[in-house]
Amino acid sequence: MNFNVMLTGEIRVEGEQDPQRIDELVEGHLDEVMDHLGTLGAGDPSIELDMTQHLVTFGVLVDAANPLEAINGASGLLRTSIHHANGATPDWPGADHEAWFVRLVSVRSDPVEAIDTEAKRVPQPA
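The letter at position 24 of the sequence shown is residue 24 when you use my numbering, and the numbering goes up by one with no holes.
Check the hints yourself; a few may be wrong.
Just the calculated beta-carbon pair ranges, DEER-fashion [stated by the list, open to error]: (1) Arg103 with Arg21: 34 to 44 Å; (2) Asn86 with Asn66: 24 to 34 Å; (3) Ile22 with Asp63: 28 to 38 Å; (4) Gln53 with Thr89: 13 to 23 Å; (5) Pro90 with Glu27: 15 to 25 Å; (6) Asp91 with Thr39: 19 to 29 Å; (7) Ala99 with Arg21: 22 to 32 Å; (8) Asp18 with Asn66: 43 to 53 Å; (9) Arg103 with His83: 21 to 31 Å.
If you're looking for bench data, these hints aren't it; they were derived computationally from the structure.
Idealized CB from N, CA, C, for every residue including glycine.
Using the sequences provided together with the hints, build the complete structure.
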């Protein structure tokens, strides 16, 4: 099954006071995160940024058996990409935290070979 997994969290820049410089640093960092998600083969990665509230929402499409497995897979991809771009994740939420949002995108069903009904037929009394 495919799941669209999203994580919304706070984004901070330590040691910088100039709002314009903070915006530039965050946007540059998130560009690197997005590039690295692409090199990892993350499905349909997205990043939404709201600097007025200091929030970032990461999204990635994950093929998994269930939502918990999807969150764990997405968590690894996102965290790896953030670290690759020299970011930190000190308050990273666990899979049961409300910061995660999981939406089922698709379910796949494969046909089963036709059953030989003649071989399965039970003889009826005469």
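Hints versus structure:
1. Arg103 with Arg21: 34 to 44 Å: Since the Cβ atoms of arginine 103 and arginine 21 sit about 35 Å apart, the hinted range of 34 to 44 Å holds.
2. Asn86 with Asn66: 24 to 34 Å: With Cβ atoms ~33 Å apart, the hint holds.
3. Ile22 with Asp63: 28 to 38 Å: holds, 36 Å
4. Gln53 with Thr89: 13 to 23 Å: holds, 19 Å
5. Pro90 with Glu27: 15 to 25 Å: holds, 21 Å
6. Asp91 with Thr39: 19 to 29 Å: holds, 26 Å
7. Ala99 with Arg21: 22 to 32 Å: With a Cβ separation near 27 Å, alanine 99 and arginine 21 satisfy 22 to 32 Å, so the hint holds.
8. Asp18 with Asn66: 43 to 53 Å: This hint holds: roughly 45 Å between Cβ atoms.
9. Arg103 with His83: 21 to 31 Å: holds, 26 Å
The structure agrees with every numbered hint stated previously.
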